[in-house]
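Quick note, the sequences are listed as chains A and X, same order.
Each residue of the first sequence is one higher than the one before, starting from 12 at the first, in our numbering.
Each residue of the second sequence is one higher than the one before, starting from 235 at the first, in our numbering.
There's no promise every hint is true.
[Unchecked claim] Over 12 Å on every C-beta distance to chain X, these chain A residues come out as not near it, computed from the model:
no.	residue
1	D62
2	T178
3	L220
[What the hints assert, rightly or not] Chain X stretches covered by chain A per the calculated footprint, using a threshold of three residues with CB under 8 Å from any CB of chain A:
no.	segment
4	398-404
5	570-578
6	590-601
7	606-619
[What the hints assert, rightly or not] Non-contacting residues of chain X with respect to chain A, defined by C-beta distances greater than 12 Å in every case (computed):
no.	residue
8	L239
9	P472
10	E495
11	G512
12	R513
13	A523
14	D581
15	R653
16	K676
The hints are simulated quantities; they were obtained by calculation from the structure and are not laboratory data.
Keep in mind that this is a model prediction, so the values were computed, not measured.
Note that beta-carbon positions come from the ideal geometry of N, C-alpha and C, so glycine has one too.
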Amino acid sequence: MNNKLMHTLTRHPLLWPVVTLALLLAINAAFNATFLHLEWRDGHLYGSLVDILKSAAPLMLVSLGMTLVIATRGIDISVGAVVAISAAIAAWMIGGSLVVHDGVATHVSRFPMPVAILGALLVALVCGLWNGLLVSVVGMQPIIATLILMVAGRGIAQLITGGQIITIYYGPYFFIGNGYLFGLPFALFIAAAVFVALLLLTKRTALGLFIQAVGINPSAAYVAGLPARRIMFWVYAFCGVCAGVAGLVVSSNVKSADGNNAGMLMELDAILAVTLGGTALTGGRFSLAGSVIGALIIQTLTYAIYSLGVPPEVNLVVKAGVVFVVMLMQSAEFRGMVATHVRRAAA
Amino acid sequence: MSDPLAPVLELSGVSKSFFGVPVLKGVGLRLFAGEVHALMGQNGAGKSTLIKVLTGVHAADAGRMTLKGEAIAPKSPLASQKLGVSTVYQEVNLCPNLTVAENIFAGRYPRKPARKWGRIDWAAMNAEARTLLAKLNLDIDVTRLLASYPVAIQQMVAIARALSVSAQVLILDEPTSSLDDDEVQRLFTVLRRLRDEGMAILFVTHFLEQVYALCDRITVLRNGELVGEHLARDLPTPALIAAMIGREFAAKQGTGTPLPEKAGETPLIELRGVAQRGRVQATDLSVRAGEVVGLGGLLGSGRTELAQLIFGLSTADEGELKVAGSAHRVDCPSAAVKLGMGLCPEDRKTDGIVAELSVRENIMLALQARRGLWNLLPMDEQCRMAERFVKALGIKTNDIETPIGLLSGGNQQKALLARWLATQPRLLILDEPTRGIDVAAKQEIMDEILRLAGEGMAVLFISSEIEEVVRVSNRIAVLRDRRKVGELPGGSAERDVYQLIAADA
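Pulled out of the complex, with its shape left as it was, chain X reads as follows (with noise of 0.2 Å):
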């Protein structure tokens, strides 16, 4: 028997490259039975990583893991899982055309006896998932199928799933992202009586409210490094947020200033009560001609989710649309560019660029869309418009026939905003421009953001790099836990951002 005091899963000095490049160096975290552990770190910081190399999805490449004193070196899903690790991942990871049921057990569905030939004991199957399901309080049909079930439940049933195969520690990455309150709260009653159990949990999350609403021990990683370990209690959330992102948020002073308001001014775009279940609680926000509004917030703050409700990519529940003084209702991304609205989409390779498509096809292809199918833009036109933005942003590319899929991804991104600059929209709305692109082509997209709202548009500009907000933004709007928690105004400094953030979470 191992000592009651040790941890149950232990890590140490784990470090992990993939091509050449390092993700974690030399991390180490300790699981306790009966507690909740809180994984924390900004995008990019190694928590996946980490993860999978628990899990045995990659091998680590230099590192001792221990569970129960034992070192152990899983080398799949199914040999972590067999050792009592089990994993319920952010995006429900389950069957929806099979049974609750058959979820549960797939692939160990229990048989009759040989001499029955050994077939599936259905009865068995379903009368034992629904003793684990009572387990957390559900009282479901478990032989109906998992799809027809909500999100909340499928989730439920995919712990009910990690718990059957006997585990001892339970690893939940992201399991809140899309639940709403009520059902938050539905889980962690489960999950704070599967820790007096006895269980060990790793709990990871972007929502600092549950952080410490849930957990007892908190372990912070930043740049795939173990930034240290703490008892939730003794780490307030500024300390927190300080540990995530690598310094007191004391630097810099924002160099944006409010944009004076003219009398009499209607916004260009505003937003009352905006909201869609789940993702979007009610906003009100709005921006003015010639104003830039940075959405500042952490990731999983729903800065996303509320410019796919502007641009019509999502629907909202309630709440009202303004554009220009006037009530509009946006529901496809054509509306909401009939309207003057661009967005430059985050994910830059699945909803931005067309890769197969010449530089020019993707510079013109949402002017195209808004002059419609029979008004081709004629094609001395096309290239001399490619051409110019080619010029005016500094888009690196061999000619302009080039498939934009061979760029590099800050030409990409330079290329959809010219997409966008040429539909010569009212209101842009920049999520992300610049993740993952080269610091100078960064510095020439935020010059070419102030520059295009001196001329007078309306820019909604959202950065996981708070530093960014503040330093383009006339006016920030904070997130949090998918609801605007205040406004700042141009050239607060990034520690109001993270100090309104961290306010009474």
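The following block holds chain A by itself, in its conformation from the complex (with noise of 0.2 Å):
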């Protein structure tokens, strides 16, 4: 019985990931005494772990989302831009200022907030729709069609913010990225909601059969009588929408929306966070639960990298090198090829 657990736990597709993830938190811990310690400040909790749960939640919101396209066999480069247009979009329909009228202060906003959220949200929609028109009606390879508005969602947001940074002073819209519920960081609670509904999504509906039958064989699905082609149409609209609200919680939390650095390179973040949570590049078997340790991995990197006072000019290198030691680790041939020398050297 025992046994079986174990050969149940060391087959787990999520193990690897796991255990990166606690080796990580392992190092931080060792270098830096007060990381694992939390305490309850300002009426919710507080502590280097919190930290790394909220500032990862952009990159779950967008790793999930990358999830499905990337098991549909595709992927979607220009999240990092999406996330750049709906932070402009919120902040310049929000805006907002502090008035102060016959000694009372009130927060006015250019739209009510719902309207600015929701007109982000749509706007991050219709980026989807058009990457998922580009690949699954007019047939590009995703690479490049998603390539389009990664290049061009930048000039779009650039545009929407006139060049300049915009900040927000609307003290409510902060809540989305600052705000605690429960103790905890609010924008965990999103990321989680997301996390949840799509896996009900894809186990609850036949959603992530198609999806998987999608991406290890379009051809088979197609003569099955699977709407292959509408199927990748919504996981990209899906995957604008997830990057859309990213980008709301960016916003929030800088305060601010930069048309120029807002989710720079979260394409790549998120497709390495998809890769390290263990679905592989080729298309088929996902796992988001994967996908969002994936994202943790990463940010627990960042913030050791961060915290253990590694000089800035060479954190990427750093950063890489770990990545790097990361995908040998998880890769079932190079741990093969290790043992087998092991092995060999032993004898």
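Both chains are sitting in their own frames, so use the hints and assemble them into the complex.
Here it is, written out as structure tokens:
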């Protein structure tokens, strides 16, 4: 019985992502005595772990959307730009100022906040639909199709912000990225909600099966009568919305929108998170939980690099090095190679 | 100078095995200057392998090749091309994103002299390309991209490329499979002229008519062995078919019997003049409920193309498709599935199985597609259904959660059959359901087909093994050269089918 449990555990696809995350957390804890320390302060939990969770939320959101796209054998490299667009739209629509009227301070926004949020998400959806259209109807290669929006999106975001960094002065909006609910960052609840919704959608409907079938063998899926194109179309649309939500969180967190830098290189981090989580870029089997863990790995790594005082000019190199090692560790072929060498050396 | 009556290219005793499986067993071939020579044989006869040995793609394990009396052993397609053996492959093997001239001279662009730094001489290249194409009666803009021309022109460009390397031997591997009648005639005119100019041409095709229209001599292969070399005029069609399939087709009487027609019955599916340009000529066909209709015909006769038209994998240009009496437009498989059709595709690996998904998921896939995204089949029902089919069809697998890719071919095929049976189709189209699977599994699948028809399902059965078609079909529609040439009642002999195929070919 115990053996069987061990077997299931060692074969579980999430084993390596979890081990990697634990290892990174341990390294952090070893160099930073207060790393694991949590305390209750200002009505919420406070500590490095909470920080990591909070700052990983946007990446989690983007990675979740990316997971489905990658499972269909596609890729969406425009998500960073969509984050910037969504942030810019939200920031512009809210704008806001603190008006003191008759001695009473009130927050005023250009549009009501729900309208602004909806507007930003709608534009993100349109971005996703555009990608979906290019990939599924026009038949463009996903990397090229989404490259268009990746490049153009930055321009669009800058058009919206007028080339400036728009600062948001509307207090209630800050809750999305900075607020706390039940002592935990509110952004985490958003990511969790999307995660749970996706989990239900892929397990309780045929979506998971269809996405995998399309990703593994699009031609066979088509012959079996699956609406292969429609699935691809909506997967890209959904990925756009996820990036849009991430844009809201990001802009709320930094209380501004920077068309040029918001969500910069986020597409690469998201692809990395998905891959670290055990979803292959060749499509098919995917793991939503894996991608969430992947996002946490990346955020923990970033945190470690900063907290260990790695000079900023080399931190990308260090990050790349760690990612390289992690990828090797996760590769069954590489582990097999090492095992053979170890056995030979022992013999 | 070599003897003018000796063959230009001669192969003798050529053998080749892949992973210990012999594919060519001591095959010989003689090509003479100024002749068009047909290389014939069924699937797996070894034609492609022989051509690949000839063109240096594979090295022969044994045997001798001589070109104009000198022994050769090309190590690569480039080497054989340099020796003067050029090949035009079935699928146009050019770069659509280069111009016509660039395609013709790819890899050996003419250069300007060294004092001009050996730059590419575009003017010379284009002029040369124009001259070459003019020889083929083709006057087109050689600076336009290849992709902007239809397949027939691309084929001509491929031939021009083959000729431009001062070829003595031209090998054409099914060059006509994507051409329509007029285009075939134009190609033949060119080939006849090349022949008259002294070229030796090896022509591989599945179209019997074309063999007799064009070729002077025929070499027949079967199961990797040389059956014989004949002058075309000495080998009438029935004899050619007999040589290809390896026996006089007197053999077996079919066991299928015609299904008596009920009064006032509407056929489940009815095709009237359904055609698709370049793939299927106008065809009438009907299948009634409970009837097995076999599509008989040789490879390339249009069997698969017709099945794809019915199932919406390709779209008809003309004609009408009626399902249970009412006309429908079926332009995608999901529409066909909604009408109660199912299709086990010819190519199990690329169009059938979803290799990394489990047997259970593969079996439920089509049913789920029909139920739609939101209406997921409950897990316990999925398992029950999968278990039931695994048992009923005798699918050998560890359990229903094993990835289907790990199963043997026959068991994969049974699982695909199960996928469609789960949807309880009214019409099941089976395209080569028994290909590449062992005898026992073959028998089980055939039995299952008969049982299903007995329960009232309409079946369209396609197989290149005419023996199978005759055995299971209530009625046989015979195809040749992409059109229906006639129908035979169930129980006809194999010979009748072959005679119908061979008639006035």
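Okay, the hints, checked on the actual structure:
no. : hint    : verdict
1   : D62     : holds, 39 Å
2   : T178    : holds, 43 Å
3   : L220    : violated, 6 Å
4   : 398-404 : violated (count 0)
5   : 570-578 : holds (count 4)
6   : 590-601 : holds (count 6)
7   : 606-619 : holds (count 6)
8   : L239    : holds, 51 Å
9   : P472    : holds, 37 Å
10  : E495    : holds, 31 Å
11  : G512    : holds, 21 Å
12  : R513    : holds, 17 Å
13  : A523    : holds, 21 Å
14  : D581    : violated, 9 Å
15  : R653    : violated, 7 Å
16  : K676    : holds, 22 Å
Of the hints listed earlier, those the structure fails to meet are numbers 3, 4, 14 and 15, in rising order.
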